[in-house]
Each structure stands twice: as C-alpha cells, then as structure tokens.
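Trainee: Okay, here's what each chain looks like letter by letter:
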Amino acid sequence: MSPRSPRSASRTTRGSKHIPDQRTSLHDAIAAHVPDGSSVAIGCALEPAIPFAAVHELIRQRRVDLELIGPISDIAFDMLIGAGCVATVHAAWVGNVSAGLAHCYRRATEQAVPRAIRVRDHSNFTMGLSLLAGALGAPYIPTRTLLGSDIPAANGTFIAATSPLDDSPLLLIPAITPDVTILACQRADMDGNAHQWGPWGVSQEAALAARNVIILADEIVDRSVIASDPNRTICPATKVAAVVEVAGACHPSPLQGRYRRDHEFFHDYHRSTRDVEGFERWIAEWVTGLPDHATYLRKLGDRWPKLREAGVPAAETRF
Amino acid sequence: MSPRSPRSASRTTRGSKHIPDQRTSLHDAIAAHVPDGSSVAIGCALEPAIPFAAVHELIRQRRVDLELIGPISDIAFDMLIGAGCVATVHAAWVGNVSAGLAHCYRRATEQAVPRAIRVRDHSNFTMGLSLLAGALGAPYIPTRTLLGSDIPAANGTFIAATSPLDDSPLLLIPAITPDVTILACQRADMDGNAHQWGPWGVSQEAALAARNVIILADEIVDRSVIASDPNRTICPATKVAAVVEVAGACHPSPLQGRYRRDHEFFHDYHRSTRDVEGFERWIAEWVTGLPDHATYLRKLGDRWPKLREAGVPAAETRF
Amino acid sequence: MEISPGEVMVAQAAREIADGETVFVGMRLPLIAFVVAKRTHAPNAIGLFELGVVRDAPSPELLYTMGDTPNVRGAVWCARTVDLMGLLQQGVVDAGFIGGAEIDRYGNLNTTAIGADRAHPVVQLPGSGGGADIASLATRLIVIMPHDKRRLRERVDFITSPGYGTGGDWRRRMGLPRGGPAVLITTLGVFRFPDGEAVLESHHAHSSTAECIANTGWPLRASPAVRETDPPSAEVLHIIRGYDPEGFWTRRGE
Amino acid sequence: MEISPGEVMVAQAAREIADGETVFVGMRLPLIAFVVAKRTHAPNAIGLFELGVVRDAPSPELLYTMGDTPNVRGAVWCARTVDLMGLLQQGVVDAGFIGGAEIDRYGNLNTTAIGADRAHPVVQLPGSGGGADIASLATRLIVIMPHDKRRLRERVDFITSPGYGTGGDWRRRMGLPRGGPAVLITTLGVFRFPDGEAVLESHHAHSSTAECIANTGWPLRASPAVRETDPPSAEVLHIIRGYDPEGFWTRRGE
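Residue numbers (numbering that gives the first Met the number 0), protein chains in the order written: chain B, 0 to 318; chain R, 0 to 318; chain F, 0 to 253; chain Z, 0 to 253.
Derived from the structure by calculation, the hints contain no laboratory data.
Possibly wrong hints are sitting among the right ones.
Claimed, not checked - Away from chain F, derived, C-beta distances all over 10 Å, residues of chain B:
(1) Pro19
(2) His26
(3) Asp27
(4) Asp35
(5) Gly36
(6) Ala91
(7) Glu244
(8) Arg302
(9) Pro304
(10) Ala314
Stated by the list, open to error - For the chain B half of the interface with chain Z, some residues (derived, Cβ under 7 Å), not all of them:
(11) Lys16
(12) His17
(13) Ala134
(14) Thr161
(15) Pro163
(16) Ser167
(17) Val224
(18) Ala226
(19) Thr232
(20) Pro235
(21) Thr237
(22) Leu306
(23) Ala309
(24) Phe318
We put the beta carbon where it would ideally sit given N, CA and C, even for glycine.
When you get a sec, could you build the whole thing from the sequences and use the hints?
Mentor: Encoded structure:
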C-alpha cells in the first residue's frame, strides 16, 4: 500500500502455495517477513491480544520506515514510534488506553522527535472497512460515517462520492492490504491454522487482507485440536508465513482465558516515558536490553504468574 | 426491498428495542412475522441447516407473493415455488443438490405453473455481498466478479461502474435487507441469542441485514450456555423477533453435530415431483396433510432416529 | 463522603439510557452509567463495545479497558468490530457515549489535535477511536466531558466527531442519516441542543448558571427553566461506589 | 471392472491440481479428483468449499453435498462464504472446478437457462451457484462435463460463467483480473485453450479424435500432437473405487 510495500512484499510474500510446517523463532519470523518499509497490521483486536513480543522484536532489530496499521493498539504504536521504527501510522486512536495520551506519538507529531511521521487518521469503522475491502479483494467499500468530519481530509485517501442509487453523499474507503499482519492467538497448528477466541475486532479482516501473516501462538497444538472446532479458526494456514510459539506474547495486554491485562504496567509506561530520556531508559530496560521474550517474562518476576487466569470453560459443542 | 416490504415490515418489525423472552410456537412466529409479500431469507448456510420446518409452515399457512432470498437452498425454494407461495426469487442456484434439476422451479419459469415468478439471478458471491452490504448498512459493495457474465443483465439490480481509483470496470452490488431471515441453529437462549456451528455460508450477513430474524433452535438453553462461548453467537437477540424450539427443524438437510443429511429423501422428492400431480401428492403427504413438524418427524418413523449423530466434541476452550 | 462531579455525571448519563435500548457504551464514566442504568430503570438495555463485545449484563468487575477479560466472560456475542459498526450504520443503535477534549456550541467534538494545522499539532490527541462513527450514525449522541473555557470553545480546531456542524440542516446536507448530540454532560452542568446549539438545562448542585456561563467559550444560552441537576439517589451512589470503590474513574475530576 | 468415462475424467482432473495449490473443489467428480490428488501427487493441496469449508484432508466418506456433516468434521476452517470468495477475488486461489450444461468454443459456460430469452426459458437450469465467481476470478478454471453436440455449442444461449468471451483480450476488456478455462475435460476427451479457443489435446481410450469432432457443435481444432488421454493408474482406480464404491458419481455417465 505504501510505495515501498510492493517491493518489500515481493521480497517476502509467501505466495499462494500451501507450505505445511511453518514453525520458526520470533527473531527469524521478523527478520524474514518484516523488512524495512513494510506495512504492518498490529493490535487489530483493539485493546486485547496485542502481540507485544513482536513489537519488541521489531524494535530490537531496529526496523525503520514501517507503515503501522491498526485501529487502537494501545501503547504498541507509541513504543514503535518512540524507537524510530515508524514512517506512517494508519490508526483511529493512538494513546495509552487506561492512562491517557501517548508521549512518543505526541513528540513525533508535535516536534518530529525522534523523527517526523505521517498520520493517516481513521475511525474504527473506516479502519475496519478498509481491511474488510482488502479481505474481500474489493477496491473500496462505501459508507456514510464521517460525513462532515475533518478526518477524511486528514486521512487523504478517502474518496467523496454520491450513491448511484439515490445520489446521497458517500465516502469510499479504499482497501488496505498490509504486507504483513501480526496476530496473537491462544493456539495454532504448525501450519498456521489459528484459533482465537474472545474479541476479534478487525483481526480476521487484517489477516485475510494481508500478503503474509505471522502467528504468535500461546501454544502450538496438534492439527486435530484445530480441526475439532473449525469455527474458531481466525486465520487459515494459506495466509501464514510463520508460526511462532510465544508464551505470554501479549503482555501487558490480555489474552482471553490465559492472562489478564497488566494495568499497572501501562500506567508505569505512561509515567516513565514523559520525556525522551525516560522513554530511552524504559525501552533499554524492557526491550533492547533483553535478548528475548522469555527473559522479559522472567524480568516481570511473580507479577507475571499473578496475571494468569484459568478461565471458565465454554459449553460443550459437538461436531 | 420489494414494494410491499416496507408495508409488511412496518406491520411486523420488532424495532431496535431489546425484548427479553421471545419464545413462541412456529405457527405463531410465521403468522406474526412473515406476512404475504414479505422478503424472506432462508437456507443461507447453503446445503446444511435449512429450516425446512419453517418452509412447511409457510406452505401450510398459504403465504403468497413471497420474495425468496438465498444462494442455494436446495429443495426449500422448489417446494415454496410449487406451492404457489412465491413471486420473486433472488438466488444463485435453485435445484436439488444431490439429485439434479428442480421440477417446480422449471414449471414456474418455463410454463408459469402454478404461477409466473420473477427470477433475479445471482452468483454465490453477489448474494453474499448484497447481504453483507445490508449488514454493514452500506448502499452497495463493488466487485469484479461476473464482469462479462450475462447474470448482471438478468438480475437487473447490479450497477456497472468504473473504479474512481484506477478507472477499471466494476459491478456495484446493491444491499439486500430481508424483511425477515429465518435461521436454524443448534441452540439459542429465550431472548434469541443463537449459537450455530458448522458452515455459516451467508447466514450471519442475512441475519444482521434483516429487519427481523426468526430463530429455529434445535434446543433452547439457559443464557449462561450462550454466554459461556460468545464467539459462537451467529445472531444477537437485538435482531430477533421470535425464538422457536423445533427439534429436527432442518430435515432433510443436516444440522452439524445433531443429524445427518437424508439423501434418499431428496431423491424421493426429485422422483415424486416430476409432474404437478406428483408434487401435489407429495406436498399433501408431507406438508399440508400434517399439522406440525412433530407429526412430520413421527411420520419419518425409524428413518429419523437413524439420522441422528452424536458428533465429536470440540477441544476445550476456556474464557 | 461528598458527592463528586463524576458521580453526578454518571447519574445523569444513566438517566439518558431508556429500557431496552441498544447503546454503544465505551469506557470510564459511560461504562459506570450503563451499570447504573441496568441495575435501576433499564434492566433490558444492551451494551455494545467497539472491539466487538455485546453484553446484556455489565461486567461484574470495574474495567480499565473494554478488552479486559471480565468484559468478555459472560458476553452474549463476540462480534467483529464491523458487525457492530454495521448495526450502527443501519440505524438500529439507539444511543452512544463519547467524550471529547474540545466541543463547540453546535456540539462538534475534537479528539484529534489542538492547533490550526493538523499536520503540525500544538497538542496531539489520541484520535477518534469509534467516537466519530457513533457521532455520525447513532440515533442519539451523549457527550460527557470536563467543563472549562479551553474545552468549550466557540469553534474547535478539528471536527473529529460531527455534531450539528454550523447548525440548521447541516447534518442532512452533509449526508449524515440521523443523529447528533442529544445531551452534553459536563463537570458543571447538563446541556441540550433544541435547535442544534447547546443550551444549559441544569447546573450541578456544586455549580451555578453563572459558573457554567463563565467557563464556556461562547455566549452560552441558558434555558428559561434552568434548574439544578437532580442529584444521584442513595441507591445510585451505592451502585457507583460499589462498582468503582477506589474512585478510579468517578473521582479523578473527569 | 471396465474403466468408466467418469473414472478417466477424475484421473485427468486430479492431474490438473499441483501440490500446495488452493483449489475450489465443488462436488461430484471434482471432489473425487481432489481426493485422488491429495492421496497421490498433491498431498499439500487445500480444498475450498463455497459454503465456507476449508479442508486439508478430504472427507473420509463420499459426499452428496458439500454441507454433509463428514465434510465439516475435521475441516481446518469454517469460514463465511464471502471470506473464501474474497480470497478468490484477491487472486490467491489457484484453481477451481466447475461443470456446465453448455459450453462454447471460447469456454463460456451456461448453467442458467436454455433458450433465447432468459425470462422465458425452454429449459430452466439451476444457475451459477459459485461457478460464475470461480470462472471470473480463479487463476485457472477446470471444466468438467458430458460431451455431446447439444452441450458443446458454437454459441451458448446465456453466459453464466465467462470463459474467453469472443476470444482475444476479451477478459481484459471486460475487466476480469485474471483466469479463464485452462482445460475442458469431457466424457470423450481433454481440451486446452492455447489462444482462447478449445483445442483437442487428447481423446480418451474409449473414444477417438473423429468422435470428439463429430460430437462438437463447432469445427473443432485438434492439436497436431493429439494423443490418447493417459488412463487412470491402478493406484488411482483403487482410490476412486474405494471412495465411490457404488459409482454414485463415477458411473452415472456424467
């Protein structure tokens, strides 16, 4: 979707051929499938199931010129912006959901620190429609939302039109097709067939619209587990370029039935990142100073096991 | 969507207010919510989960001028057409899936027997897009399917256009908003929150696009069963006008995890309905001559219990 | 314990929800208003959350975000965001709550950026989320925000969520199918939009008509029948304080 | 037991599926071709079914419809129809199978109605189903049908599923993004579309070039290298007859 996207995509697209076992490490998945300049959809379930482990790995690998796509990705986008990984943001909301404004996002747009970024404003609906259009292979989807809002002008990609049915005003929301969508889910098989439960937000549209999908599964399970309940599949293996088993990949955001949201971690981040030095200290302590996500979880100490939830079982369903 | 629809809808629409307990009998649900001239979506999961019990009740109540909507509803549409209930059909395929042509449909279009009907040809994709547009509250969705096909001209509602993005040819598929969508599902609560598993086809779009939904549940369960697994909900109570517990409502079509398809019943129907007299004998024997669906199931004798399946349990999921 | 402005606002917001209505709830004070409404006069109200959650019964626990696991457990539907936004665009969602950093006399809201040039903001705000969609498409919009002169401005720098534009038939001319602000609830008072412009209906007990006018960035009209906002009943206060015992949302002076 | 035309067609259809491809399968002979391909040269092929079923392993039982319960048990995804059609429109579906009542020299298919006026058909056919979508949008279209003069016509009465139209760059001019018939497999032979027009590549063992020409409604071109269709191997026959022991699909002279 960005000028660079086709190039980066052609370097990395999995094509349409089904490849059976796509398990790899998080390092290798990001290295192989998210080159500089990629358009990347992250946090498409809105507040929950945000693949923070992948966000941290993008920062560790010093990705640049990324084009971020997501309606509300809580502090994931703020971290990537603060770390200088981002050229453009397509989003409906960028902040710290329970704490307030996003300091890095503010510094980037107000002062071009650490760099200037291009913001393409959306609402949650237009973000969803643009990804749905991508998933459908449709050029755009028309809507009546945002008529009279200044968002369409700020976004710059929406097209004002009138309906051929009744001449009423419409906005045409062009398709967004991310180079890669990164999804966190509870379980997936080694091919990439992924079960996610709880809120989906715009995750399925983002996965189906993408050229490649990277799955961060809390648990990699046997094919028979996935095939026992095909209605839970949010993304089919045919779209998946890499499957990584990463326990706790979404911390500090929640993953339904696995662990709760770590509210205090979000509030700490908010307090710690008010200035550039504070952000750099925070990112060194929690991201660049750590080799991988397992170390990150260990660093959380007993705060992490306390977040775990057993969950409540779903009623029996038989196929 | 038909000229009569607004009137019929105004007589029956549930409005947007949530009404808790909507349990009723199949007779009363059809009598109250499917007046003559209604546009009715039926069989939107394609071959499975077709609410034949509701089809039979429409015939028993001698509905006329119905506008049928559904991609492939196996013999459900053929029965309604043969019984003279139908003015218009919006469909991608009307036949007998495992046996061949649909004799009543042929007589209606070839000889206007028992009456002439208007056919608005669709493909499965355009049927899905028109209902998806209705569900989204969008006036239409653009597509590249059927460019060069004679279906758009035969349908008469699609609009030829060019994309404002690249001037490429497009077809705009207008929204379809059924007066009522009739869904069969495995279980629902008394408000109408419905769990369906197995293939959805275009069922969810048809339910969300409709003014009213009638749910035929194999089983009415406690709210807590539905709320234990909200990802299984295909239709929320806010769209539902009536919930009816009807065991075996889909026979001879299958309902996943409950009963198999009765292939021989479809083949008998095909053989029995080659001429008008044969159809009238068949419909008298299996529909108009029977007071209700329970009697229909009893008439099937031990053929019915033999179709039942225990199914295989889905892997445990915890919320 | 003294009644906080947040508690007065929650009590008023709850009164805006009628029984059986389908309402886009959102977080913070509106969430607590939904809890109050459900437990008092609107037991059949249905709550929609933008990430796709539909609830008949509110979460038993205080939420920090709509994606918190207790808000999903016991939901009647986990939909996709576009499914709920589709219902909104159809016109079957009765009301929706939103907050805002800035609002103008015609109820237009800015949650995008302060400053004349959106590309070079003086203060970058988080953005619309689903707020602009609710403002565009819900049958009624219920706005909740802190009251001060910098927030209630003659004109907002950026219209994120359309209110009544410049008044009159502006919404119809823009092509908006329905809706607009039904009420503005601030830390000082309650405002209606009889002809598209905010009019003071009542000031809270801790405030006054004069204070509302003094803290509004345009010549504020007060209803001839302007009165004091009904205080929360003991029952309502009990529900609010039971749900938000720490006052995380109701005592942060929002 | 003698090899039936259906078995020859299934064996050829199976050869049209490459390993790792995503294929819209459909019912009848194509379903059995998918079973054969998966169990022989294409173990990583993925099967899509229009009602929303995606399978890595074919159903262990013979199917009468794609909605039969065994076709859902063990699926890797129960999608919505529009999800799969969306993948098709994106261009990530490699191939799709369809049948037809009538086909013309440019591979245009009619499954809607026989007769000049669609509003007053001589013979009403069932319609497109998803066939017209597959013909419009799949990378390759694989057509399977009985061979006789009434079915292979100079011109079809109604183009349900677009082939190459009138030849040349017709598909591009229409706006179709890709695709078109790659092969036509009939009860008598196998045809390719090198320049948009059907050319006989091979006749089945039980037929001949002359019989193919005699039973085709236009002056049929035969490839200079026309040969006999490879017969099903013993392994393939064993798979076919194991899957359809009654010959419900493979011995009904389809």
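Trainee: Evaluate each hint against the coordinates.
Mentor: Quick rundown of the hints versus the structure:
no.	hint	result
1	Pro19	holds, 29 Å
2	His26	holds, 28 Å
3	Asp27	holds, 29 Å
4	Asp35	holds, 24 Å
5	Gly36	holds, 22 Å
6	Ala91	violated, 5 Å
7	Glu244	holds, 21 Å
8	Arg302	holds, 16 Å
9	Pro304	holds, 16 Å
10	Ala314	holds, 13 Å
11	Lys16	holds, 4 Å
12	His17	holds, 5 Å
13	Ala134	holds, 5 Å
14	Thr161	violated, 22 Å
15	Pro163	violated, 17 Å
16	Ser167	violated, 25 Å
17	Val224	violated, 11 Å
18	Ala226	holds, 5 Å
19	Thr232	holds, 4 Å
20	Pro235	holds, 5 Å
21	Thr237	holds, 5 Å
22	Leu306	violated, 31 Å
23	Ala309	violated, 27 Å
24	Phe318	holds, 5 Å
Of the numbered hints stated above, those contradicted by the structure are hints 6, 14, 15, 16, 17, 22 and 23, listed in ascending order.
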